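**Q** Starting from the structure of chain A, add chain B where the hints point.
Residue numbers (this note's numbering), protein chains in the order written: chain A, 1 to 232; chain B, 1 to 232.
Keep in mind that the hints were calculated from the coordinates and are not lab data. Just so you know, these numbers come straight off a predicted model, no measurement behind them. For each residue, glycine too, the CB sits at the ideal point set by N, CA and C. Honestly, I wouldn't trust all of these hints.
[Claimed, not checked] Within a straight-line C-alpha distance of at most 25 Å, the following computed DSS-like cross-link-like pairs (lysine-lysine) qualify:
{"#": "1", "chain 1": "B", "residue 1": "20", "chain 2": "A", "residue 2": "20"}
{"#": "2", "chain 1": "B", "residue 1": "20", "chain 2": "A", "residue 2": "163"}
{"#": "3", "chain 1": "B", "residue 1": "93", "chain 2": "B", "residue 2": "231"}
{"#": "4", "chain 1": "B", "residue 1": "133", "chain 2": "B", "residue 2": "180"}
{"#": "5", "chain 1": "A", "residue 1": "2", "chain 2": "B", "residue 2": "180"}
{"#": "6", "chain 1": "A", "residue 1": "20", "chain 2": "B", "residue 2": "167"}
{"#": "7", "chain 1": "A", "residue 1": "167", "chain 2": "B", "residue 2": "20"}
{"#": "8", "chain 1": "A", "residue 1": "20", "chain 2": "B", "residue 2": "163"}
{"#": "9", "chain 1": "A", "residue 1": "153", "chain 2": "A", "residue 2": "167"}
[What the hints assert, rightly or not] Pair ranges (Cβ atoms, derived):
{"#": "10", "chain 1": "B", "residue 1": "133", "chain 2": "A", "residue 2": "44", "range": "49 to 57 Å"}
{"#": "11", "chain 1": "B", "residue 1": "136", "chain 2": "A", "residue 2": "99", "range": "47 to 55 Å"}
{"#": "12", "chain 1": "A", "residue 1": "118", "chain 2": "B", "residue 2": "30", "range": "55 to 63 Å"}
{"#": "13", "chain 1": "A", "residue 1": "185", "chain 2": "B", "residue 2": "185", "range": "53 to 61 Å"}
Residue strings, one per chain:
2 protein chains.
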Amino acid sequence: MKTIGILGGMGPEATLEFFKTLLSYDPAERDQDHLHIIVECDPAIPDRTAHILGKGADPVPAMLASAERLRVAGADIVGIPCMTAHHFLPRVKENSKLHFVSALEAMEQALRDTYTKVNSLGILATAGTKAAKLYESALPRYAILWPNEEEQKSLVMEAIYGKEGIKAGNRGEIPKALLKRAARSLIDGGAQAIVAGCTEVPLALLQRDIDVPLLDPMHMLAAALVREARKG
Amino acid sequence: MKTIGILGGMGPEATLEFFKTLLSYDPAERDQDHLHIIVECDPAIPDRTAHILGKGADPVPAMLASAERLRVAGADIVGIPCMTAHHFLPRVKENSKLHFVSALEAMEQALRDTYTKVNSLGILATAGTKAAKLYESALPRYAILWPNEEEQKSLVMEAIYGKEGIKAGNRGEIPKALLKRAARSLIDGGAQAIVAGCTEVPLALLQRDIDVPLLDPMHMLAAALVREARKG
Chain A
1 MKTIGILGGM GPEATLEFFK TLLSYDPAER DQDHLHIIVE CDPAIPDRTA
51 HILGKGADPV PAMLASAERL RVAGADIVGI PCMTAHHFLP RVKENSKLHF
101 VSALEAMEQA LRDTYTKVNS LGILATAGTK AAKLYESALP RYAILWPNEE
151 EQKSLVMEAI YGKEGIKAGN RGEIPKALLK RAARSLIDGG AQAIVAGCTE
201 VPLALLQRDI DVPLLDPMHM LAAALVREAR KG
Chain B
1 MKTIGILGGM GPEATLEFFK TLLSYDPAER DQDHLHIIVE CDPAIPDRTA
51 HILGKGADPV PAMLASAERL RVAGADIVGI PCMTAHHFLP RVKENSKLHF
101 VSALEAMEQA LRDTYTKVNS LGILATAGTK AAKLYESALP RYAILWPNEE
151 EQKSLVMEAI YGKEGIKAGN RGEIPKALLK RAARSLIDGG AQAIVAGCTE
201 VPLALLQRDI DVPLLDPMHM LAAALVREAR KG
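Next up, chain A with everything else stripped away, as it sits in the complex:
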């Protein structure tokens, strides 16, 4: 069995949630039957969205330092619980000896295998992910729908980065209500599924809050990592 590395810290809450998700995809009756997992949670990695928008330092050197810590500690395959960070994955892969499993590739696989009737995806994600055209590049066969500029700012970014937002530790009614309104707009505009396109989104928005499938790339990544680790 391979050792799974989590290149986290972007942010710590999402890293914790992904560790939990990963364990939930790795059921075992005895401790000793679980997979070996190493979590590297360095919150000092520069903000991914800020850099994509031209307002902050390049996060790649810090991501590579984290990858190297995982490598020397013994990780074989690595997942990154931050969708925006996937914009930088090609550069990270190029400069690291580790095998990375992409959440976007895991998602494309899951869409092909399971969500065969879904052709249009409404994305709830950071402005960085939007500007980076992450989903458009990775999923060229799907219509990718985004909130308009006003809703992206006042609903989605506010739910994630606001004072009462998820990154400040809130998972309750305030960010949930903002994200529900954004999802409603996307569904009204033709989205057949909503993508929790930033690891913070599903900390507040749940499947029961909307009436189309809520797709969480982190669950798809966790399932792919466990499959890959058990194979080797």
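**A** Just chain B, lined up with the frame of chain A:
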């Protein structure tokens, strides 16, 4: 600031819970203000209780291998989210260059600082911890009360290791009811506080379930690690 290492895997659920507790003791408005944490979760570390009871392999070599992985990855100070494993801490310390923070020492400090009227502690923990006299050795100034042999087996060990127990992933009514009955007996026998003396216990038993303080050495360890990391 120092980097915190979590020497986990004993078991993964308790490791996840400790990571969560640690983050809750490290509040921050921005990701970048959090502490750097590395979690090593190797569930293959041999069962601590089994070895203490003379029925299984020595866990120390595997614990030292985990400690070494944390060291090369960059951890400065390390906590172990498994009380029974603290029996082996002196041997681990002797053979590792890392600085370990003991949950038992953190607990003694918290008792002295905060729980000044508590003189007798009722312990809910594994048979291994009981046999190892972990609490008796670390807290010589306190009366240490244990469930009788029958209750230790049918209530406490069943709640932790049983088919419907916590290590098999259950946190609901079955283990809770077993632990509440064990706590009741201890309180009736004179315990002024109940110690969640195994990391699995507080996954099912909560403060609201009993009418004396429920002391969780893992919370005390988390607070001590954060203090120490912010100092350096």
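**Q** State for each hint whether it applies.
**A** Do the hints match the structure? See the list:
Restraint check: the Cα-Cα separation between residue 20 of chain B and residue 20 of chain A comes to about 10 Å, which is no more than 25 Å; the hinted pair holds. Restraint check: the Cα-Cα separation between residue 20 of chain B and residue 163 of chain A comes to about 21 Å, which is no more than 25 Å; the hinted pair holds. Among the hinted pairs, residue 93 of chain B with residue 231 of chain B is consistent with the structure: their alpha-carbon atoms are about 21 Å apart, no more than 25 Å. Taking the CA atoms of residue 133 of chain B and residue 180 of chain B, the gap is near 23 Å; set against the 25 Å cutoff, the hint holds.
Simply put, residue 2 of chain A and residue 180 of chain B have alpha-carbon atoms about 40 Å apart, too far for the 25 Å limit, and the pair is violated. Annotation: proposed proximity of residue 20 of chain A to residue 167 of chain B holds, straight-line Cα distance about 15 Å (limit 25 Å). A distance of roughly 15 Å separates the Cα atoms of residue 167 of chain A and residue 20 of chain B; the hinted pair therefore holds under the 25 Å criterion. A hinted pair counts as satisfied when its Cα atoms are at most 25 Å apart, and residue 20 of chain A with residue 163 of chain B qualifies at roughly 21 Å.
Restraint check for residue 153 of chain A and residue 167 of chain A: the C-alpha separation of about 15 Å stays at or below 25 Å, so the hint holds. At roughly 42 Å, the beta carbons of residue 133 of chain B and residue 44 of chain A sit outside the given window of 49 to 57 Å. Between residue 136 of chain B and residue 99 of chain A the CB atoms are about 48 Å apart, so this pair conforms to the stated range of 47 to 55 Å. Range check, residue 118 of chain A to residue 30 of chain B: about 35 Å between beta-carbon atoms, so the 55 to 63 Å window is missed.
For the pair residue 185 of chain A and residue 185 of chain B, the beta carbons lie near 57 Å from each other, so the given range of 53 to 61 Å is met.
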